[in-house]
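*Asks:* Make the full structure from the sequences, and use the hints.
Sequence order for the protein chains is Y and X.
Once you know that position 331 of the first sequence is 331 in full-length UniProt numbering, the rest is easy, because the numbers rise by one and skip nothing.
Once you know that position 49 of the second sequence is 49 in full-length UniProt numbering, the rest is easy, because the numbers rise by one and skip nothing.
Do not rely on the hints blindly, as some may be mistaken.
Heads up, the list lumps identical chains together, so a pair's fine if it works in one copy or across two of them.
SDA-like, lysine to any residue: derived pairs with alpha carbons at most 25 Å apart [as the list claims (entries may be wrong)]: (1) Lys218 x Gln352; (2) Lys308 x Glu217; (3) Lys466 x Arg142; (4) Lys218 x Thr251; (5) Lys377 x His395; (6) Lys212 x Asp330; (7) Lys374 x Leu48; (8) Lys212 x Pro333; (9) Lys339 x Ser361; (10) Lys382 x His395; (11) Lys239 x Gly250; (12) Lys38 x Thr378; (13) Lys212 x Gly254; (14) Lys308 x Gly250.
These are calculated hints, taken from the structure and not from any lab test.
2 protein chains.
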Amino acid sequence: MADSLNCDLKSLSPLQLFERVTEQGEKVRALKAGKAPKDEIDAAVRMLLSLKLSYKTTTGQDYQAGLPPKDLVLINNGTTKEEDEDLVDPWNVQTSNAKGVDYDKLIGITLPSLLLRNLCKVILMTTETARHHNKSRSKHHRGIFFSHRDMDQILDAYENKKPFYLYTGRGPSSQAMHVGHLIPFLFTKWLQEVFDVPLVIQLTDDEKYLWKDMTVEKAYEYARENAKDIIACGFDINKTFIFSDLDYLGTSAGFYKNIVKVQKHVTFNQVKGIFGFTDSDCIGKISFPAIQAAPSFSSSFPQIFNGKENIQCLIPCAIDQDPYFRMTRDVAPRIGQPKPALLHSVFFPALQGAQTKMSASDPNSSIFLTDTPKQIKTKINKHAFSGGRDTIEEHRKYGGNCDVDVSFMYLTFFLEDDDRLEQLKQAYTSGELLTGELKKVLIETMQPLVAAHQERRKQVTDEIVKQFMTPRKLAFEF
Amino acid sequence: MADSLNCDLKSLSPLQLFERVTEQGEKVRALKAGKAPKDEIDAAVRMLLSLKLSYKTTTGQDYQAGLPPKDLVLINNGTTKEEDEDLVDPWNVQTSNAKGVDYDKLIGITLPSLLLRNLCKVILMTTETARHHNKSRSKHHRGIFFSHRDMDQILDAYENKKPFYLYTGRGPSSQAMHVGHLIPFLFTKWLQEVFDVPLVIQLTDDEKYLWKDMTVEKAYEYARENAKDIIACGFDINKTFIFSDLDYLGTSAGFYKNIVKVQKHVTFNQVKGIFGFTDSDCIGKISFPAIQAAPSFSSSFPQIFNGKENIQCLIPCAIDQDPYFRMTRDVAPRIGQPKPALLHSVFFPALQGAQTKMSASDPNSSIFLTDTPKQIKTKINKHAFSGGRDTIEEHRKYGGNCDVDVSFMYLTFFLEDDDRLEQLKQAYTSGELLTGELKKVLIETMQPLVAAHQERRKQVTDEIVKQFMTPRKLAFEF
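*Replies:* Dropping the structure here:
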């Protein structure tokens, strides 16, 4: 993907790219009308196609003459949503569709973009070529991360050995994390292994204090407990800094300065439009988006980047967090900082189906990282929504529906083996595999996975948490 | 003042006190109607008078039956002010009256409260009794500090040897400080000497960055330059901590936690009402009031107070800063903290008269701390608004008006000798003293005062600034 783009196109905004495509189209038409030599016309057409590809890579949209690029539309601006519309913002994910949120509709494109769907394959090819070393974890190119912003810049940076870093996070709303919470962290871990760059993980305990009925102390305690589960994913202590906002804000020479810079360049009108805040919201909520924005700038971590500004950031996150980073990308050039690049993941469905809201207070809505093998078995057998038929006869005849079957969805996230997943899909769709049998595969996948996580988490002592959360230099020179 | 209050009244809110007065009034009426014994009625009346005094001390208002207490009305809520009304908020001080802002009207009382006017005398008496040592700087009881909140609690704490601390601040909008800026600091220094308590001084460089067209670096530089002028007032390095927000927020384990606590308990509606913010204001301005509120709580300074919460705070400040602390006092009980006590000072008038806006960008609007003796002489002779008559003959006949004469006002602030000030007032009012002669007295007062300040400022090295601004234990045990 990176190779197919002209170097000077990288710095263009979607609108500038749109104008370049339009100009080039006019040039081609003029050449054809003027009966120019064939090789001249061919060259101009090749340039036009290349520009259109850049446009699509940057915006996720096909170029349409006369239709300037739209930005992702993820705004909860207080208007009533239509019955069949998905609602997605950092605090709500609602859909009435058993297949889950319609991501194509969400990002405003009408046809699935193969370019985006295959993003992880591209990452893998780029980095494999460079490193002669296959670190593939094949399941990462199953469309779980389905959309991006400026990922081409990151791949270019990687190829040109320019530094960048990864930033992701979690809101520690409770001690109870479920298996879905692991997805962005496992993907981030894979990205870190592939790219070998520093990683910062923000625990927004201040956000949880502001939004929930919770003390500052409790929010900080949850942050430390959640850090244990994150560390248990296997992050490299020499390359990873985990921080609680409540803690790090009071120990960093750079973090608050970036927060206040963002806060100067965002109005209440803007956060009202983006996040749906009202006049009755507390001023803490209203200014919080700047706190989630600031880690996108390397000067928030002088201890890691040796005080260097302008080191670009790549943020893997669930799509509901995009509003924060749309805002960040809007502010970045105005405070002299590079825009962070983004990789968006889909949501993890509740056991009861994609249209059901997952809730930490409902133990049956997902598999939790603290569940016993028996609990996992019972939950999957009793609660996992099935895409199978009502009777064995009907199932054998018509086959099951993988698009709405939660057991199959979970396997998409957690089964390592691509071929096995494809076999299961075919067997289930053809009716050869029954729901109970599919559930058994999921149970046998999740039980050892969760048990292994619990085993690794046990090894994470308070001392290890303290080390991960201590502001320090990482194993990189800047 | 402190002695005249019953101990259990201290914890009552104005409304609770109002109800106690009303109840007691009804009791007195019932006793009289029931022809109770004279000593019983007398005791009830004494109690009633004592309650009314407490009510007045707490609210600054006389008790009026059926009229519950109003809070100070300093709100710029976006409504148009009437022609003859004073406008006072943290960013504007406007009056059309040459005598300056009508403070009695401002705090909502109709008669000057002698109790408040003589506050500094009370402080002096209380502390003299306790310390057998006269640290009087007589000019502090000239009504410059004219109003208070909960000062009786502070005097009680002092008498009972309970700890408390002082907090004041400055917004470093430029390098240029004028003599008026010294007033709260000189008074604070006097309070610190009298009470012998820790003092924290906040430099709101983040506020100036948010409000002005200024970089973060420039705002911080101004903070450090202003710190030199503040230190030159003679503060004790062992008892005083000066901090820049941009700096201290990133080094304190307690400051941000208190900020976020305040931010959770104040809505946009509230700051809109108090400070006149609009939807077009940046989210930094909207959340800033919490940053000025947080130093009112001792847990913002764990290094000074050994991590102790609930140590009461006394804030000497100009009256325009009161909205911040009304908000703070409203939030305090809801986050389990004591309300800070307050002492309000009047504004320092511009040379051109009290109805003119003083401006750091207009060098003639005041005497600056960098002025030469010659500049001081010229400014006072050319620009100080005179309350004298048009001709010498008229002046001798009718006398001058001290109420509007800026030279006399400045002498009220800076002349040490009470008797001399009174003689000057009589001589000027009677016509014996001419404007030029009064100006000469002011010139001879200000020239050595400013020169001495410049001399002391020269002694303030970067190293001394660094020491004052380093978070550390002070010379007090907690």
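*Asks:* At 25 Å max between alpha carbons, let me know whether Lys212 reaches Pro333 within a copy, between copies, both or neither.
*Replies:* Answer is between: at 19 Å across copies they meet the 25 Å cutoff, but 33 Å inside does not.
*Asks:* Can you give me the call for Lys212 and Gly254, within, between, both or neither, at a CA distance of at most 25 Å?
*Replies:* between (28 Å within a copy, 21 Å between copies)
*Asks:* Please work out whether the CA atoms of Lys38 and Thr378 approach to 25 Å or closer within one copy, between two copies, in both situations, or in neither?
*Replies:* neither (69 Å within a copy, 83 Å between copies)
*Asks:* Between Lys218 and Gln352, at a C-alpha cutoff of 25 Å, which is it: within one copy, between copies, both, or neither?
*Replies:* neither (30 Å within a copy, 56 Å between copies)
*Asks:* Quick one: Lys308 to Glu217, C-alpha cut-off 25 Å, is that within a copy, between copies, both, or neither?
*Replies:* Result: close only across copies, 16 Å inter versus 33 Å intra.
*Asks:* Between the shortest in-copy and the shortest cross-copy C-alpha distance, which are at most 25 Å for Lys377 and His395: within, between, both, or neither?
*Replies:* within (22 Å within a copy, 102 Å between copies)
*Asks:* If the cut is 25 Å between Cα atoms, do Lys374 and Leu48 qualify within a copy, between copies, both or neither?
*Replies:* neither (59 Å within a copy, 72 Å between copies)
*Asks:* 25 Å Cα cut-off: does Lys212 pair with Asp330 within a copy, between copies, both or neither?
*Replies:* Answer is between: at 21 Å across copies they meet the 25 Å cutoff, but 28 Å inside does not.
*Asks:* At most 25 Å between alpha carbons: which applies to Lys239 and Gly250, within, between, both or neither?
*Replies:* Both. Shortest intra-copy (22 Å) and inter-copy (23 Å) distances satisfy the 25 Å Cα cut-off.
*Asks:* Check Lys218 against Thr251 for me: Cα-Cα at most 25 Å, and say if that holds within a copy, between copies, both or neither.
*Replies:* both (20 Å within a copy, 22 Å between copies)
*Asks:* Indicate which option fits the pair Lys382, His395 if close means a Cα-Cα distance not exceeding 25 Å: within, between, both or neither.
*Replies:* Answer is within; shortest intra-copy Cα gap is 19 Å, inter-copy 100 Å.
*Asks:* With 25 Å as the alpha-carbon cut-off, assign the pair Lys308 and Gly250 to within, between, both or neither.
*Replies:* both (20 Å within a copy, 18 Å between copies)
Hints 1, 3, 7, 9, 12 from the list above are not met by this structure, while the remaining hints are.
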